[in-house]
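Participant: Listed below are the residues making up each chain.
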Amino acid sequence: MVRKYFHSRPHLAYILPAFLILGLLTFIPTLFLYGLSLTNYELGYDSFKFVGLDNFVRLLSGRDEEFWYSLRISIVFMVLVTAAELLLGFGLAVLLDREFRLKPLAFACLIVPIAMTPSITGQIWKLMLNAENGVVNYLLHFMGGKVIWLSPEHAFLSTMMVDVWQNTPFVALIIYAGMRSLPTEPYEAAAIDGANRVQTFRFVTLPLLLPVILLAIVFRAIDSLKTFDIPYSLTQGGPGSSTEFLSMHVYRLGFAQTGWIGRSAAVSVILLMLITVISWVLIRAYRKGVENRG
Amino acid sequence: MNAYTNKRLGIGAGSLLLLVCLICIFPMFWMILISLKSKALTYDPSVWFFSPTLENFKTVFENRDAVGYLKNSAIVVVLTTIVSIFIGGMAAYGFARFEFKKKENRAFWVLSLRMLPPMASVIPMFVMASLLNVLDTHLVLIVSYMLFNIPFTIWMMRSFFEEIPTALEEAAFVDGASRFRVFLTIILPLAVPGLIATAIFCIINSWNEFVFALFLTSAHASTLPTTVTLFLSVSGVAWGEMSAVGVVTILPVLVFAMIVQRYMIRGLTFGGVK
Numbered sequence: 006m007v008r009k010y011f012h013s014r015p016h017l018a019y020i021l022p023a024f025l026i027l028g029l030l031t032f033i034p035t036l037f038l039y040g041l042s043l044t045n046y047e048l049g050y051d052s053f054k055f056v057g058l059d060n061f062v063r064l065l066s067g068r069d070e071e072f073w074y075s076l077r078i079s080i081v082f083m084v085l086v087t088a089a090e091l092l093l094g095f096g097l098a099v100l101l102d103r104e105f106r107l108k109p110l111a112f113a114c115l116i117v118p119i120a121m122t123p124s125i126t127g128q129i130w131k132l133m134l135n136a137e138n139g140v141v142n143y144l145l146h147f148m149g150g151k152v153i154w155l156s157p158e159h160a161f162l163s164t165m166m167v168d169v170w171q172n173t174p175f176v177a178l179i180i181y182a183g184m185r186s187l188p189t190e191p192y193e194a195a196a197i198d199g200a201n202r203v204q205t206f207r208f209v210t211l212p213l214l215l216p217v218i219l220l221a222i223v224f225r226a227i228d229s230l231k232t233f234d235i236p237y238s239l240t241q242g243g244p245g246s247s248t249e250f251l252s253m254h255v256y257r258l259g260f261a262q263t264g265w266i267g268r269s270a271a272v273s274v275i276l277l278m279l280i281t282v283i284s285w286v287l288i289r290a291y292r293k294g295v296e297n298r299g
Numbered sequence: 004m005n006a007y008t009n010k011r012l013g014i015g016a017g018s019l020l021l022l023v024c025l026i027c028i029f030p031m032f033w034m035i036l037i038s039l040k041s042k043a044l045t046y047d048p049s050v051w052f053f054s055p056t057l058e059n060f061k062t063v064f065e066n067r068d069a070v071g072y073l074k075n076s077a078i079v080v081v082l083t084t085i086v087s088i089f090i091g092g093m094a095a096y097g098f099a100r101f102e103f104k105k106k107e108n109r110a111f112w113v114l115s116l117r118m119l120p121p122m123a124s125v126i127p128m129f130v131m132a133s134l135l136n137v138l139d140t141h142l143v144l145i146v147s148y149m150l151f152n153i154p155f156t157i158w159m160m161r162s163f164f165e166e167i168p169t170a171l172e173e174a175a176f177v178d179g180a181s182r183f184r185v186f187l188t189i190i191l192p193l194a195v196p197g198l199i200a201t202a203i204f205c206i207i208n209s210w211n212e213f214v215f216a217l218f219l220t221s222a223h224a225s226t227l228p229t230t231v232t233l234f235l236s237v238s239g240v241a242w243g244e245m246s247a248v249g250v251v252t253i254l255p256v257l258v259f260a261m262i263v264q265r266y267m268i269r270g271l272t273f274g275g276v277k
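Order-wise, the sequence lines are chains A and W.
Under the numbering used here, the residue at position 224 of the first sequence is numbered 229, and the numbers go up by one with no gaps.
Under the numbering used here, the residue at position 18 of the second sequence is numbered 21, and the numbers go up by one with no gaps.
Hints are computed from structural coordinates only; laboratory data are not their basis.
Please read these numbers as outputs of a predicted model, since none were measured by experiment.
Treat the hints with caution; some may be incorrect.
Restraint ranges, calculated between C-beta atoms of paired labels, are given here [said to hold, decoys possible]:
(1) A:R202 - W:S221: 53 to 63 Å
(2) W:P55 - A:N138: 24 to 34 Å
(3) A:E70 - W:T232: 39 to 49 Å
(4) A:S13 - W:V70: 31 to 41 Å
(5) A:A88 - W:D139: 48 to 58 Å
(6) A:D51 - W:I35: 25 to 35 Å
(7) A:R202 - W:G71: 41 to 51 Å
(8) W:P168 - A:K9: 42 to 52 Å
(9) W:N136 - A:L107: 50 to 60 Å
(10) A:R106 - W:D139: 45 to 55 Å
(11) W:G71 - A:F61: 39 to 49 Å
(12) A:R106 - W:A43: 34 to 44 Å
Glycine residues also receive a C-beta, built at the ideal position from the N, C-alpha and C atoms.
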């Protein structure tokens, strides 16, 4: 029986081990997470009880202002960071898409932020952005400026800046790869039709690049919504809660300031659902973009 | 091949690019600089030239147990990469060479794991690991890192396997070799460059991973990225030591990243853009 089953499905022997492991690593923890989110489990206490949907009612009724604040800044962060990285990355890709001798060196420089451990990135920027002893303010003082980078007013922007530093080269490399694989025929056709540079860019280059642009948006939007490493080492979510993004909120609620694992599990269920919806929408757009191109 | 190709880099664009490159490497440069400063100079950003000292590295290795962190990182990264490459590579071959029902849906499910927020998996894993008594072990990290390494390997290796012409296998089938034998003796040797690139990306991603390491380990199995937790208190932060430990953490990944430069775009997009 079993032999026959495998014999008629020869691919199973190859993909089954991976699917078993991935299945165990996703379904069980996810079920467990949903279970935890229905309890009032607290770190360090043995007993807990099921409280039904209380945790979710608390979050969604609007009483929990910290949660809504965290949700709001996470979404603002996602939108701004993705937009900034896309624009800067596009510009950088245009610069790279020229002929020059030191190109391999330029690429080597761009790979540094991409490969740098994110938690260490946050840490080194914390030193560089220090108001009194940081090198950024030292360089700024030549121009007569001084910014308290990690103050309550500026911490959000500083976190954005560090994220843009780390991830813009990634966007640039993807768009650059897209530019390099553009076909020539549409450009010849555009030239014959007498299109000027702006028109060529708007009606030929941009539509052809749409799939890679959408791919970059998918990766950056989802990763920036999950951001944790950089805020953790740069600001610890502070000062106050000015950079307490959703992942940070989960961490503070469940592990750092209070031990409310049940409540923090409920927040991460919301985070999970949010990411599922956003990635579903973005990936649908991406697939549509790819189909339209072909 | 396109409208821009023949354009050369002008002075303006060239200096702009130079500026971008400098900004990209400056934090690393500055971290190395601080790590080589003596205590007296650490907090003075106007000092750029000085006689370097290895004092900070010595302190980090003697008092902060950098060797322990380094060892934990190495053990976890090597083991999770080997297992993921093996299991993910097999599955990748399955996706590259067989037709089966709902194939693309399954592949897509694998891809969707890339989108999972680690914060959602790590809470139940923390509770489960404490129930199983495996918190703060190498094992728990090795297993949880497969959550991102196996999907990555499947997508990367699938794109590499699909580039190998099927004619080679068919010739071997005619000679009477079994499929698994063909996979081992013909396909794998041809896929070695891809396997190495994929393995290096797994190494980089596992080495840099922070959330799982922070939650699931505390003393015995902590990896290098978690050293940032040593320096969180505001008073008495040791900038020299912070930088020294940072340098120890990023140098290996930077070296690896330079090795796989050629595959960087492919690796960053899960094999999506070549």
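Participant: Work down the list of hints and note, for each, if the structure agrees.
Facilitator: These are the hints, each one checked on the structure:
Taking 53 to 63 Å as the suggested C-beta distance range, the pair R202 of chain A and S221 of chain W conforms, at roughly 59 Å. Under the hint 24 to 34 Å, the C-beta atoms of P55 of chain W and N138 of chain A, about 19 Å apart, miss the expected range. A hinted range of 39 to 49 Å is violated for the C-beta pair E70 of chain A and T232 of chain W, which are about 28 Å apart. With their beta carbons about 54 Å apart, S13 of chain A and V70 of chain W fall outside the hinted range of 31 to 41 Å.
A C-beta distance of roughly 41 Å is found between A88 of chain A and D139 of chain W, which places it outside the suggested range of 48 to 58 Å. Against the hinted window of 25 to 35 Å, the Cβ-Cβ separation of D51 of chain A and I35 of chain W comes to about 49 Å, which falls outside the hint. Evaluation of the 41 to 51 Å hint for R202 of chain A and G71 of chain W yields a failure: the beta carbon distance comes to about 59 Å. Roughly 32 Å separates the CB atoms of P168 of chain W and K9 of chain A, a value that falls outside the hinted 42 to 52 Å.
Range check, N136 of chain W to L107 of chain A: about 55 Å between beta-carbon atoms, so the 50 to 60 Å window is met. Between R106 of chain A and D139 of chain W the beta carbon distance is about 51 Å. The supplied range of 45 to 55 Å therefore holds. A hinted range of 39 to 49 Å for the beta carbons of G71 of chain W and F61 of chain A is consistent with their spacing of about 42 Å. Restraint check, R106 of chain A to A43 of chain W: a C-beta distance of roughly 42 Å satisfies the suggested window 34 to 44 Å.
Consistency with the previously given hints fails for numbers 2, 3, 4, 5, 6, 7, 8, ordered from lowest to highest.
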